[in-house]
Amino acid sequence: MRLINVHEYAALQQRSLREHQKAGNDTSKIVDFYKTGNEVITCLDDADLTDSSLVAYGSFNAEYRKVRFAASDPANTGGDLRWRPSVQFL
Numbered sequence: 003m004r005l006i007n008v009h010e011y012a013a014l015q016q017r018s019l020r021e022h023q024k025a026g027n028d029t030s031k032i033v034d035f036y037k038t039g040n041e042v043i044t045c046l047d048d049a050d051l052t053d054s055s056l057v058a059y060g061s062f063n064a065e066y067r068k069v070r071f072a073a074s075d076p077a078n079t080g081g082d083l084r085w086r087p088s089v090q091f092l
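If you're matching positions, the sequence shown starts at 3 in my numbering and goes up one per residue.
Just so you know, the hints here were simulated from the structure itself, not pulled from any lab data.
Computed from a prediction, not measured in an experiment: that's the story for all the values here.
Do not rely on the hints blindly, as some may be mistaken.
[Unchecked claim] Label-pair distances were calculated between CB atoms; the ranges are:
| hint | residue 1 | residue 2 | range |
| --- | --- | --- | --- |
| 1 | Gln-23 | Ala-73 | 28 to 34 Å |
| 2 | Gln-16 | Leu-51 | 15 to 21 Å |
| 3 | Phe-71 | Met-3 | 20 to 26 Å |
| 4 | Lys-24 | Thr-52 | 33 to 39 Å |
| 5 | Thr-52 | Ala-25 | 32 to 38 Å |
| 6 | Lys-24 | Asp-48 | 28 to 34 Å |
[As the list claims (entries may be wrong)] Okay, derived cross-link-like pairs now, BS3-like style, lysine-lysine, Cα gap no bigger than 25 Å in a straight line:
| hint | residue 1 | residue 2 |
| --- | --- | --- |
| 7 | Lys-68 | Lys-37 |
| 8 | Lys-68 | Lys-31 |
| 9 | Lys-24 | Lys-68 |
| 10 | Lys-24 | Lys-37 |
Don't be surprised by glycine CBs; every beta carbon is placed ideally from N, CA and C.
With the sequences and hints as input, model every part of the structure.
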């Protein structure tokens, strides 16, 4: 297993947003729907990203209605981080 990369995460978000529309705008269908600060965000594999000492993550920002990619200090102890693994099936 490895962390999900930024491209896979973007595809996952696109799929979840389509499911959101099909389900009559049910926000529970949106992956990492971030509205109140109590939701989760997904940490991303930084292998394809610029070298940085920060931890890359993604979420769906409800206020701006867009997928957000950002980075945070690895010392951040917030309870909203999730490590979403990717597994390749052959």
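Satisfaction of the hinted span 32 to 38 Å by the C-beta atoms belonging to Thr-52 and Ala-25: holds (36 Å)
Restraint check for Lys-68 with Lys-37, where alpha carbons must lie at most 25 Å apart: holds (12 Å)
Hint check for Leu-51 and Gln-16 - Cβ pair distance inside 15 to 21 Å: holds (19 Å)
Holds or violated: Lys-24 to Lys-68, with C-alpha atoms at most 25 Å apart: holds (18 Å)
20 to 26 Å as the expected CB spacing between Met-3 and Phe-71, which holds or is violated: holds (21 Å)
Given pair status - Lys-31, Lys-68, alpha carbons within 25 Å: holds (14 Å)
Given pair status - Lys-37, Lys-24, alpha carbons within 25 Å: holds (21 Å)
Cβ separation of Gln-23 and Ala-73, checked against the hinted range 28 to 34 Å: Holds - the Cβ-Cβ distance for Gln-23 and Ala-73, about 29 Å, lies within 28 to 34 Å.
Distance restraint evaluation - Lys-24, Thr-52, Cβ atoms, bounds 33 to 39 Å: holds (36 Å)
Supplied distance hint 28 to 34 Å, evaluated on CB atoms of Lys-24 and Asp-48: Holds - the Cβ-Cβ distance for Lys-24 and Asp-48, about 33 Å, lies within 28 to 34 Å.
Taken one by one, the earlier hints all hold for this structure without exception.
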